[in-house]
Amino acid sequence: DVKVTQSSRYLVKRTGEKVFLECVQDMDHENMFWYRQDPGLGLRLIYFSYDVKMKEKGDIPEGYSVSREKKERFSLILESASTNQTSMYLCASNPGDRHNSPLHFGNGTRLTVT
Amino acid sequence: GENVEQHPSTLSVQEGDSAVIKCTYSDSASNYFPWYKQELGKGPQLIIDIRSNVGEKKDQRIAVTLNKTAKHFSLHITETQPEDSAVYFCAASSSGGTSYGKLTFGQGTILTVHP
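For the record, the sequence lines run as chains W and L. With the numbering used here applied, the first sequence has no gaps in its numbers, which climb one by one up to 1236 at the end. With the numbering used here applied, the second sequence has no gaps in its numbers, which climb one by one up to 117 at the end.
Rather than coming from a laboratory, the hints here were simulated on the basis of the structure. Some clues are possibly wrong.
Stated by the list, open to error - For the chain W half of the interface with chain L, some residues (derived, Cβ under 8 Å), not all of them:
#1 G1162
#2 L1163
#3 L1167
#4 I1182
#5 G1185
#6 I1199
#7 L1200
#8 T1208
#9 N1222
#10 P1224
#11 F1227
#12 G1230
Unchecked claim - Here are the computed distance ranges between Cβ atoms for each label pair:
#13 W:P1183 to L:K44: 33 to 39 Å
#14 W:I1182 to L:E41: 23 to 29 Å
#15 W:Y1172 to L:G3: 26 to 32 Å
#16 W:E1178 to L:Q47: 21 to 27 Å
#17 W:K1175 to L:E58: 41 to 47 Å
For every residue, glycine included, the Cβ atom is placed at its ideal position computed from N, Cα and C.
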């Protein structure tokens, strides 16, 4: 069974801090995604990656960057955290071998920026 | 870009009743429509999906219907049980020939099934 593991369940950071959210998947998936989940807004795509060192902007990339140095790991970086980045962050992956493969999500990291 | 609207935002039913959640989408090129269920403290999990060459798909107590002309699709849950209580998300994607077709999600529906 696919496992997507997000390193932290809860994080509390201060405004201006640099924040790293880590995600690891164990099924050799090519594609990895970072979503942000807010009540009433659903899930919004921040960035995705379809290969090592490759990245594409999603719908809301402002204030975020990503890193994919190894196939199994996809990191989301908040260069200077702000209070409006308080949210639930979800990592997901899917294989690159066919169109529209289902996404496999991690259990999320709830980030609070004070 | 694609825009997906989902209704209702909350839905409360009695155990054994049916539940229906509706979504509309804007991009006529969208061709893949999954539904995800998110239980408390967990990430969303795919429960059923439909592709644009199919009008209806059923899996035990859940079914999804798609009307491409009207650009809407619906999730139907029959004989609801308390364990169906969760947040449900619809999504739409236009793969454009890639495997990482970008999913656009609806706003979510909180379904509560009362015993």
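*May I ask you to test the interface hint for P1224 of chain W with respect to chain L, counting a Cβ-Cβ separation under 8 Å as satisfied?*
Since chain L brings a Cβ to about 4 Å from P1224 of chain W, closer than 8 Å, the hint holds.
*I1182 of chain W and E41 of chain L, beta-carbon distance inside 23 to 29 Å?*
holds (25 Å)
*When the least beta-carbon distance from G1230 of chain W to chain L is tested against 8 Å, hint result*: Holds - the Cβ of G1230 of chain W comes within 8 Å of chain L, reaching about 6 Å at its closest.
*Are E1178 of chain W and Q47 of chain L spaced within 21 to 27 Å by their CB atoms?*
Holds, at about 24 Å.
_Verify the CB-CB distance for Y1172 of chain W and G3 of chain L against the hinted window 26 to 32 Å._
violated (19 Å)
_Evaluation of the interface hint that places F1227 of chain W against chain L, nearest CB under 8 Å_ = Nearest chain L Cβ about 3 Å off; hint holds.
*asked:* Holds or violated: the hint that I1182 of chain W contacts chain L, with Cβ atoms closer than 8 Å.
replied: violated (12 Å)
*Minimum beta-carbon distance criterion (8 Å), L1163 of chain W to chain L*: holds (6 Å)
*Once the shortest beta carbon distance from I1199 of chain W to chain L is found, is it less than 8 Å?*
At 20 Å from the nearest chain L Cβ, I1199 of chain W fails the 8 Å test, so the hint is violated.
_Would the hint on L1200 of chain W be counted as holding, given a Cβ-Cβ threshold of 8 Å to chain L?_
violated (20 Å)
*Let me know if the C-beta of L1167 of chain W comes in closer than 8 Å to any C-beta of chain L, holds or violated.*
Where the cut-off is 8 Å and the nearest Cβ of chain L is about 6 Å from L1167 of chain W, the hint holds.
_Assuming the hint says 33 to 39 Å, is it satisfied by the Cβ distance from P1183 of chain W to K44 of chain L or not?_
Cβ of P1183 of chain W to Cβ of K44 of chain L: about 26 Å, so the range 33 to 39 Å is violated.
Taken one by one, the earlier hints fail for this structure at numbers 4, 5, 6, 7, 8, 13, 15, listed in ascending order.
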